[in-house]
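Given the coordinates of chain D, assemble chains U and W onto it according to the supplied hints.
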Amino acid sequence: MLLSTYEVTEPVAELFQFHRGQDVFFMLMLVAFLMLFIRRYEWGVALATMLSFVVAWPLYLLISNTVLGIDINIESVILAVFCAITLVIAIGVFLGQISTIHYITAAVLFVPAYMFNEWFIFSFLDGVLDAGGSILVHMFAAYWGWGVILGLRNRKINDEPMKTSVHSVSFVWLASMLLLVLWPSFVTALLPPEEVLPAMFTCYMALVASALSTYLLSYILKKEIDPLVYTYAMLAGGVAIGATVNLVGPLTGWIIGFIAGLVSTWCFYYLHDWLNKTTGVLDTMGVHNLHGVPGIVGAVAAMVVAGAPLAQLWAILGTLVIGIVTGGITGLILKIFKEPKQLLDDSEAFDMTEARTPDSPLIHGEQHGGTAPA
Amino acid sequence: MLLSTYEVTEPVAELFQFHRGQDVFFMLMLVAFLMLFIRRYEWGVALATMLSFVVAWPLYLLISNTVLGIDINIESVILAVFCAITLVIAIGVFLGQISTIHYITAAVLFVPAYMFNEWFIFSFLDGVLDAGGSILVHMFAAYWGWGVILGLRNRKINDEPMKTSVHSVSFVWLASMLLLVLWPSFVTALLPPEEVLPAMFTCYMALVASALSTYLLSYILKKEIDPLVYTYAMLAGGVAIGATVNLVGPLTGWIIGFIAGLVSTWCFYYLHDWLNKTTGVLDTMGVHNLHGVPGIVGAVAAMVVAGAPLAQLWAILGTLVIGIVTGGITGLILKIFKEPKQLLDDSEAFDMTEARTPDSPLIHGEQHGGTAPA
Amino acid sequence: MLLSTYEVTEPVAELFQFHRGQDVFFMLMLVAFLMLFIRRYEWGVALATMLSFVVAWPLYLLISNTVLGIDINIESVILAVFCAITLVIAIGVFLGQISTIHYITAAVLFVPAYMFNEWFIFSFLDGVLDAGGSILVHMFAAYWGWGVILGLRNRKINDEPMKTSVHSVSFVWLASMLLLVLWPSFVTALLPPEEVLPAMFTCYMALVASALSTYLLSYILKKEIDPLVYTYAMLAGGVAIGATVNLVGPLTGWIIGFIAGLVSTWCFYYLHDWLNKTTGVLDTMGVHNLHGVPGIVGAVAAMVVAGAPLAQLWAILGTLVIGIVTGGITGLILKIFKEPKQLLDDSEAFDMTEARTPDSPLIHGEQHGGTAPA
Numbered sequence: 001m002l003l004s005t006y007e008v009t010e011p012v013a014e015l016f017q018f019h020r021g022q023d024v025f026f027m028l029m030l031v032a033f034l035m036l037f038i039r040r041y042e043w044g045v046a047l048a049t050m051l052s053f054v055v056a057w058p059l060y061l062l063i064s065n066t067v068l069g070i071d072i073n074i075e076s077v078i079l080a081v082f083c084a085i086t087l088v089i090a091i092g093v094f095l096g097q098i099s100t101i102h103y104i105t106a107a108v109l110f111v112p113a114y115m116f117n118e119w120f121i122f123s124f125l126d127g128v129l130d131a132g133g134s135i136l137v138h139m140f141a142a143y144w145g146w147g148v149i150l151g152l153r154n155r156k157i158n159d160e161p162m163k164t165s166v167h168s169v170s171f172v173w174l175a176s177m178l179l180l181v182l183w184p185s186f187v188t189a190l191l192p193p194e195e196v197l198p199a200m201f202t203c204y205m206a207l208v209a210s211a212l213s214t215y216l217l218s219y220i221l222k223k224e225i226d227p228l229v230y231t232y233a234m235l236a237g238g239v240a241i242g243a244t245v246n247l248v249g250p251l252t253g254w255i256i257g258f259i260a261g262l263v264s265t266w267c268f269y270y271l272h273d274w275l276n277k278t279t280g281v282l283d284t285m286g287v288h289n290l291h292g293v294p295g296i297v298g299a300v301a302a303m304v305v306a307g308a309p310l311a312q313l314w315a316i317l318g319t320l321v322i323g324i325v326t327g328g329i330t331g332l333i334l335k336i337f338k339e340p341k342q343l344l345d346d347s348e349a350f351d352m353t354e355a356r357t358p359d360s361p362l363i364h365g366e367q368h369g370g371t372a373p374a
Numbered sequence: 001m002l003l004s005t006y007e008v009t010e011p012v013a014e015l016f017q018f019h020r021g022q023d024v025f026f027m028l029m030l031v032a033f034l035m036l037f038i039r040r041y042e043w044g045v046a047l048a049t050m051l052s053f054v055v056a057w058p059l060y061l062l063i064s065n066t067v068l069g070i071d072i073n074i075e076s077v078i079l080a081v082f083c084a085i086t087l088v089i090a091i092g093v094f095l096g097q098i099s100t101i102h103y104i105t106a107a108v109l110f111v112p113a114y115m116f117n118e119w120f121i122f123s124f125l126d127g128v129l130d131a132g133g134s135i136l137v138h139m140f141a142a143y144w145g146w147g148v149i150l151g152l153r154n155r156k157i158n159d160e161p162m163k164t165s166v167h168s169v170s171f172v173w174l175a176s177m178l179l180l181v182l183w184p185s186f187v188t189a190l191l192p193p194e195e196v197l198p199a200m201f202t203c204y205m206a207l208v209a210s211a212l213s214t215y216l217l218s219y220i221l222k223k224e225i226d227p228l229v230y231t232y233a234m235l236a237g238g239v240a241i242g243a244t245v246n247l248v249g250p251l252t253g254w255i256i257g258f259i260a261g262l263v264s265t266w267c268f269y270y271l272h273d274w275l276n277k278t279t280g281v282l283d284t285m286g287v288h289n290l291h292g293v294p295g296i297v298g299a300v301a302a303m304v305v306a307g308a309p310l311a312q313l314w315a316i317l318g319t320l321v322i323g324i325v326t327g328g329i330t331g332l333i334l335k336i337f338k339e340p341k342q343l344l345d346d347s348e349a350f351d352m353t354e355a356r357t358p359d360s361p362l363i364h365g366e367q368h369g370g371t372a373p374a
Numbered sequence: 001m002l003l004s005t006y007e008v009t010e011p012v013a014e015l016f017q018f019h020r021g022q023d024v025f026f027m028l029m030l031v032a033f034l035m036l037f038i039r040r041y042e043w044g045v046a047l048a049t050m051l052s053f054v055v056a057w058p059l060y061l062l063i064s065n066t067v068l069g070i071d072i073n074i075e076s077v078i079l080a081v082f083c084a085i086t087l088v089i090a091i092g093v094f095l096g097q098i099s100t101i102h103y104i105t106a107a108v109l110f111v112p113a114y115m116f117n118e119w120f121i122f123s124f125l126d127g128v129l130d131a132g133g134s135i136l137v138h139m140f141a142a143y144w145g146w147g148v149i150l151g152l153r154n155r156k157i158n159d160e161p162m163k164t165s166v167h168s169v170s171f172v173w174l175a176s177m178l179l180l181v182l183w184p185s186f187v188t189a190l191l192p193p194e195e196v197l198p199a200m201f202t203c204y205m206a207l208v209a210s211a212l213s214t215y216l217l218s219y220i221l222k223k224e225i226d227p228l229v230y231t232y233a234m235l236a237g238g239v240a241i242g243a244t245v246n247l248v249g250p251l252t253g254w255i256i257g258f259i260a261g262l263v264s265t266w267c268f269y270y271l272h273d274w275l276n277k278t279t280g281v282l283d284t285m286g287v288h289n290l291h292g293v294p295g296i297v298g299a300v301a302a303m304v305v306a307g308a309p310l311a312q313l314w315a316i317l318g319t320l321v322i323g324i325v326t327g328g329i330t331g332l333i334l335k336i337f338k339e340p341k342q343l344l345d346d347s348e349a350f351d352m353t354e355a356r357t358p359d360s361p362l363i364h365g366e367q368h369g370g371t372a373p374a
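Protein chains in written order, with full-length UniProt numbering: chain D, 1 to 374; chain U, 1 to 374; chain W, 1 to 374.
Chain D on its own, in the form it takes in the complex:
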């Protein structure tokens, strides 16, 4: 071997970084399928994800390049997809509560708010620990989204049924399980080459721990597992490990993940309903339970691990405030437009007549031996 350990040339490092970045694009799409469990509202979730992504990603690059004078390179491309995936997580809070076309409006309003918070954490403050996005991505997504529903104050959403079907939830299982596999690429996307592998192991440790602890707690509390709580809270370790992924070893990673899984499960079973009753607004996908609280857990864990730097505390509080305020303004703006004719329903954007009508037994039934749509 010619080069000493962990000397990786620039172009090779960039190509590897691109592959991790491509995994983040992959995750962005899978987040849509994580949110696809409502049987009457599936395609609409996918379309909302696409519109958010295709506006936010180039808009971030455009502002970054023309306003801030930053070159378009692998790092800015990944920072832009971080921005886009944060938005895709954030729309989970108000999915089904606005007209489809206004996900474009939301995206345009989101990008500057996100960039302001990014500047606040990493340029205004000094020494914030958040290599894997516990604060930048997860906390901001949850609190900006909550700002939007607090601004929108759409109370009719509370009367909408959110029934699942077997296969709408099977898509969620697929998305969640693949997100777990890809997660290490996300938290290491911006790390220097020599930190990537140890951070990946630590991230997997956190994820297997939360996927165990959420099952155990659900089993103890309820005996019957709620598949949506499990498929969501099992990822809490990935959310929480973001802030410390390059600072702790596998065992500490496992412990952080285990705690995050317990906390997220508890949030889904108890905090969710309490917040809904207290505020009167609905966090459609329970984003706060997976991204908000576990994001805080992760950010606080970094304070404990690294001896409590004050900057970390300011980053947590600042993100919370900036998120709720800019999200709230967005919600008030979105309130100007007409409400969608149907909440939480694909028929808001698509003609669903054909797809929802089962095959008639009179047309193909006899020769094929069955009549059910599948």
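Keep in mind that the hints were calculated from the coordinates and are not lab data. There's no promise every hint is true.
Since copy identity is lost for identical chains, a pair holds within one copy or between any two.
When the alpha-carbon atoms are kept at most 20 Å apart in a straight line, the in silico EDC-like pairs for lysine to aspartate or glutamate are as follows [unchecked claim]:
hint	residue 1	residue 2
1	Lys222	Asp351
2	Lys277	Glu160
3	Lys277	Asp159
4	Lys341	Asp226
5	Lys222	Glu348
6	Lys338	Asp159
7	Lys335	Glu194
8	Lys335	Asp159
Chains U and W only, in chain D's frame:
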């Protein structure tokens, strides 16, 4: 860093190239799920894809190795999967119109035709711009496929219902969204290492632009979005950017993608029916709307960008003619065999009785609380 | 280029190896979807997979690190995911036959047994050929799993209906087709960099051959294709090539795959029922047909190719015996616990009432134009 920018050693470059190549295999499989929207014809699409792939890929390598004397290496493996994915796109034109076993026949006839066109574009002609396959892959797929249906002249297909179900279309969303993510690996699969990253950015720019423009045009024209038009036409930017992906920057990429999305959407809504009425034959999956016309748009864009080299024009015309003629011969040969007992229906190849029969309420209904298949 | 062919620096090789390792995690998750075809038993398969994985993977690393004193590095992380995927394959033999929580018990008992067999093959014996896991992974999975059902002796499982639905099987198609694409990453995960690319080509050759031969044999034997036999047996080439993937060229790889596809198909159509009748126990997912027998085919192929080293024979016999004995003990231990209230049914772990109830036509039917669950 020891090495200067963009000096990547041969074996490292090959390993990276293999990962991009593996992404193309991935895309080949996802193309099957992009075409899975007909509720009575899903498994048959997957099986047709598999048979096409498992014959075309090794056959290309066999001919390349034994007839043309080319070594089996990473480049020939990727060229072979380009051939296979072109066939998988092309069968979309006549899916459901031939017996399953004859996808093998079609594959055997396709490979030499494809290789002849490949030779025509890149060896006979000089200076054709098509690094990412707008002509080689997409145009040839569309026109060879159209040759087949013109040769087959199966008019009964026009009377077959093509009804969707919610989840058959959800699979299409999944496939389309993941194809978007993987697309940059496809258009950069054969580029030298130093061109890979800029080309990947340009490709994503083209894709987010078409995914925006197809939504906007659909919304303006129809108000209600056709999910199949959206999930297909959103990829038109990737098709069109193939010819210029290593020649243009992000902004030009975005513009090419935006135009391609508009054109493809228009083709799906208007050209498709007009061609169907005019010719009497049916392009089952609308391959011409996503691959044919946007492929031409991309090839022409390269003429504009690079100052209109004549070779490009010959490549477009030649591919069109070679595609339709060799496809037409294939169609005439396929016409010899007996027509499938069912068009566009899984029961042509599989016993569907059980899978299409919903659970009886008498067997498991009471204790489980429901009777629907899911 | 500065470095001579196939000199890859250590850190670059490790980063590449990690990407192959991440693909194995991906495959582990997809194995769950390969086993998701029973319409009443889908989420339970995913949950069982998760519990097996999240216990086995860290437990292997824990034992490896604390008992055997091996550092946690990229190699041990991959060896641990090999252990975990072997367990996920193995539970396929007894899926639906134990309570969900006892997949944790099974995992705890599996890991030491797997590590003992790993030691037996690669440390006790000398010169065993199995770079891609035909013996270590596939054979051990099948025979340990069979040990479990022989120990459990749950005969009620034979009376359970295993009905499919269209989309439960579409998930299987998706999983199988993506597993084929990822398979080369699995068989090359532990190879040195210079052997990776040729082995990847050989692996794809084996896979396209089995995906062809299983179709041809099914077509000849049955005319109508059983989609589950096809989606499973098409992967037999990947199972069988494991032992010789770094020893043979593309053509030999194709031949080994072709034979493996024939053998696996035959096992699914004939051996499966014979074993079920003879032993009285049920291999739920037919693991023996895809992993057991093709694993032996692969291991024997290595004897033929490399001139029949005796160690290979001992590895085959030893794995068979160690698998059945340690699996049998596990089965006897699992027999102590109460039987699940429902076999092969998601309602064992989840409340299925809502998901299995179709939309009432009275609630949303009129305005949406349909009443079918999707």
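Verification of the hints:
With identical chains, the CA atoms of Lys222 and Asp351 are at most 20 Å apart between copies only, with a shortest distance of 11 Å across copies and 39 Å within one. Taking the shortest alpha-carbon separations for Lys277 and Glu160, only the intra-copy value of 15 Å comes in at or below 20 Å, while the best inter-copy value is 44 Å. Within a single copy, Lys277 and Asp159 get their C-alpha atoms as close as 13 Å, which meets the 20 Å cut-off; across copies the closest is 47 Å, which misses it. When the C-alpha separation of Lys341 and Asp226 is checked against a cutoff of 20 Å, the pair qualifies only between copies, where the shortest distance is 18 Å, while the shortest distance within a copy is 30 Å.
Taking the closest pair of Cα atoms, Lys222 and Glu348 come within 20 Å of each other only across two copies (13 Å); inside a single copy the shortest separation is 35 Å, beyond that limit. Proximity of Lys338 to Asp159 under the C-alpha cut-off of 20 Å is restricted to the intra-copy arrangement: shortest distance 19 Å within a copy versus 41 Å between copies. Taking the shortest alpha-carbon separations for Lys335 and Glu194, neither the intra-copy value of 48 Å nor the inter-copy value of 48 Å comes in at or below 20 Å. For a Cα distance limit of 20 Å, the shortest separation of Lys335 from Asp159 inside one copy, 19 Å, qualifies, whereas the shortest one across copies, 47 Å, does not.
When held up to the earlier numbered hints, the structure conflicts with hint 7 and nothing else.
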